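I would like the entire structure built from these sequences, with the hints used as guidance.
Number of protein chains: 2
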Amino acid sequence: MSDARRVRLRAGGRESRLAARAHPSGPIVAYLTRKLPPFEVLGEEGLETIERNAETILEEIGIDFRDDAEALALWKDAGATVDGERVRFPRGLCRSLIQRSAPAEFVQHARNPARSVRIGGPHTVLAPAYGSPFIRNLDDGRRYATLEDFRNLVKLTYLSPALHHSGGTVCEPVDVAVNKRHLDMIYSHIRYSDKPFMGSVTAPERAEDTVALARLVFGDDFVSENPVTLNLVNANSPMVWDGTMLGALKVYARSGQAVIVAPFVLAGAMSPVTVAGASAQILAEALAGMAFAQLVRPGTPVVFGAFASSISMQSGAPTFGTPEPQLVLYVTAALARRLGVPFRSGGGLCASKIPDAQAAYESANTLQHAMLAGVNFMLHTAGWLEGGLTVGYEKFILDADQAGMLRVLADGVDMSANGQAMAAIREVGPGAHFLGCTHTQANFETAFYRSSVADNNSFEQWEADGSQDAAKRANAIWKRMLAEYEPPAIDPGVDEALRDYIARRKTEQPDTSY
Amino acid sequence: MSDARRVRLRAGGRESRLAARAHPSGPIVAYLTRKLPPFEVLGEEGLETIERNAETILEEIGIDFRDDAEALALWKDAGATVDGERVRFPRGLCRSLIQRSAPAEFVQHARNPARSVRIGGPHTVLAPAYGSPFIRNLDDGRRYATLEDFRNLVKLTYLSPALHHSGGTVCEPVDVAVNKRHLDMIYSHIRYSDKPFMGSVTAPERAEDTVALARLVFGDDFVSENPVTLNLVNANSPMVWDGTMLGALKVYARSGQAVIVAPFVLAGAMSPVTVAGASAQILAEALAGMAFAQLVRPGTPVVFGAFASSISMQSGAPTFGTPEPQLVLYVTAALARRLGVPFRSGGGLCASKIPDAQAAYESANTLQHAMLAGVNFMLHTAGWLEGGLTVGYEKFILDADQAGMLRVLADGVDMSANGQAMAAIREVGPGAHFLGCTHTQANFETAFYRSSVADNNSFEQWEADGSQDAAKRANAIWKRMLAEYEPPAIDPGVDEALRDYIARRKTEQPDTSY
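Heads up: the sequence lines are chains A and B, in that order.
Under this note's numbering, the first residue of the first sequence is numbered 385, with each subsequent residue one higher.
Under this note's numbering, the first residue of the second sequence is numbered 385, with each subsequent residue one higher.
For the record, the hints were derived by calculation from the structure and aren't laboratory data.
Any given hint might turn out to be false.
Intra- or inter-copy, both count: the list cannot distinguish identical chains.
[What the hints assert, rightly or not] Straight-line Cα separation of at most 20 Å, SDA-like style, residue types lysine to any residue; simulated pairs: (1) K419 <-> G430; (2) K856 <-> G525; (3) K419 <-> E429; (4) K856 <-> L522; (5) K539 <-> R565; (6) K419 <-> T433; (7) K863 <-> P545; (8) K539 <-> D559; (9) K460 <-> R450; (10) K863 <-> D849.
In this text the structure is predicted, and so the values were computed from the model without any measurement.
So, in structure tokens, the structure goes:
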């Protein structure tokens, strides 16, 4: 165990007290455990057909593994047929590689152990939006994101009890050089939050930096045996894994870190337009990627990711919140369960440029279905606008409120005697009201989800309060949150080690824009 | 068969041609038939417990039947214990009365037979908002509704392919005397639409007027044996059926018309705060109401209605789109299926005053779950604002667009060879795109739901188009629809008979405000 790790663990007492002060809202709910069963849109026969089709894709069409000779060699050794960069797989090979060694669920450790998350099974972990070069808020409108925005979003996520995970590229800090910004991003996640976070995947050496920084926090030994980062590796659909993503995947797998293996499909462009067709292709791509991770290091925690949207057949633009991708989500979630690995999908996805009714319908349509589908890790839960090009401050607040509702939904129906409430019905009787009865008084505090943003007042009161729309109220909320933010405690020795590493790495190389 | 009915049927040819002209958008989809199974949030044991609790409420606490001596007599004859206005029921009495004679599903006939709807089983019928005294649009803001608004909403519903039903009190036309406005409302539904509609329930004699007008359209014999109106009878929760509602129920039941028997619950005020408690009470109230309809006339088509919302425990104001009422919705839908009657719930429910992000999240949260719950009749699908106090023109357009998406969701996954799309995946292969492939070209038109309101363009294009929010776009859409509206054909003889009846009834009585 490294010094840093030892110091961190020793500091638990003071850390907890400080953490408690910054979180006046009660105990930490590190992740959700769904009591509702997942909703199934296809029966056994339909799912088997899609699995059979995925094996046919893997066997007959194959998947390209590009710019990575080592990958091709690993596949050849494993029994696949390699033809140039095209890899074809005997039926069942990928599935058996995964089922032999990939865990069905795993813990991603946070530097605050109370915030470690369990990914897989009946558990759901919610994380903010990822990857936007732009931000939007009511004050500035839309503009390029900066490192300050990045920090703000990390802080807002830290302060949002419904979000369990700090996420990764919560926005692109474009005021920092491309080859250095990952250092500032990782530092921000560690320093301004104590929730688990995601690493850099844009180049193998940036993945190495991520792991190096994590080791300073958690200790070398701990990191090599425990996922402390979760890393998003996207396929280049259709049916291509490219060298950059494979490079990052290999670094993380060899370092004992967890990988989301995620086909990213705009159906109609990158997959067939149909639900069953897109699902079979996604399964084939994910099987190849997850099996590859097992070849690199057996036991690598992998998450089957599926990001699917439809496109406008007039303009080719991606569309969100429409029914077809929800069906893909349900199907691929079921396929992941049958395979026995955790599943990532969903989010507050929308095409709208602003936090208006379009944004909200679209986002709700994905958020609610993702929860019923039994998603284990939901990236993009809060903040998404404009197909992911922009992250919105107000949208973040609105989505995070919705995320809180998902927890209550997932809790299902309380069938205890208190839940059945027969005493209340007897006490009140016909024609009276329940407002003051014993049962209502006893359950007052927790009876109903309390939205932080919704205005449920009378029209007259709402008008007297300035006739604000939801975005306006959300604007006041994020400003108040940032004003009241206090960082979680960190061991000064760890902090110094992180800063030293980052300073050294920044001086070692010139700025680049790629 | 009355003359009117005969004339109507004869006029089919010309009517169809005119109807076709007014509906350029393709064949009529009269109602949905869900291919998805309903989602169940409780297992057998939980549902049985709630059923047992409902029987306990009926047996031990009882239900008040107020201001209706005939109802009390009917219950006494049926074997219930009557104590003042309180009726207590032997366990299983209500259930057996319903299961003995109420149909599991039924057809509500429209004057255009192609628009008749099937209510129950795997079918879902979507209807607009009901009951608002106010309207809102971007031009006028919020103001009292008028008969012109009523006609406009009937016309917009007629022109909305995703809405199958003309609804009832789509707004309260407050510029017409309370005791006469039902005549203008029924006439508007018949004249400006040819979709099925709902009757008046605010007084028994208004129910009689509804039936009389329906007879002029459909003929006396047809009406006495076939539901041509669907009528919303609300309980006065907790556990009270009042004389007005019972009076309307009796008129419709005796006239062979269909009745929605609907507990209306703001949990915490009119029921316990818990899901299982509210559901047991709702079931008890609905059982008593639906069984009463069978006592009045065995075989009366009844729909188990459940309108449940939570309240703000701070202010007592109703809240919408929160998770607890969605759970009640799933539970009561399952209870209706087990009982064997159609189920009504759901809608684009919201507390927001305006069509903003709050309105959209809240509405989507109910619309999507209502479809997955297997709702058979969804009132309030489009237009609701402000807890039902206001119906919004723009909100109507936005919700109707969402209703269109529900159809695609309900269709589930196409597992045909075309749906599996393996030929497309073979044709395109790794690294290419699907935009121009044979399969995409063949499925181009119907591949994805096309929203009428969403803006999926680039940020730059959206900005060039005026940076409009969804409500602004919806404003332009309803204006264009009303400008292009053409009424469906009606037999002049029927029209004259309707107008004569209404004129006579209006002169027979002075205006009243109750």
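Report task. List, from low to high, the hint numbers that the structure doesn't satisfy. Result -> none
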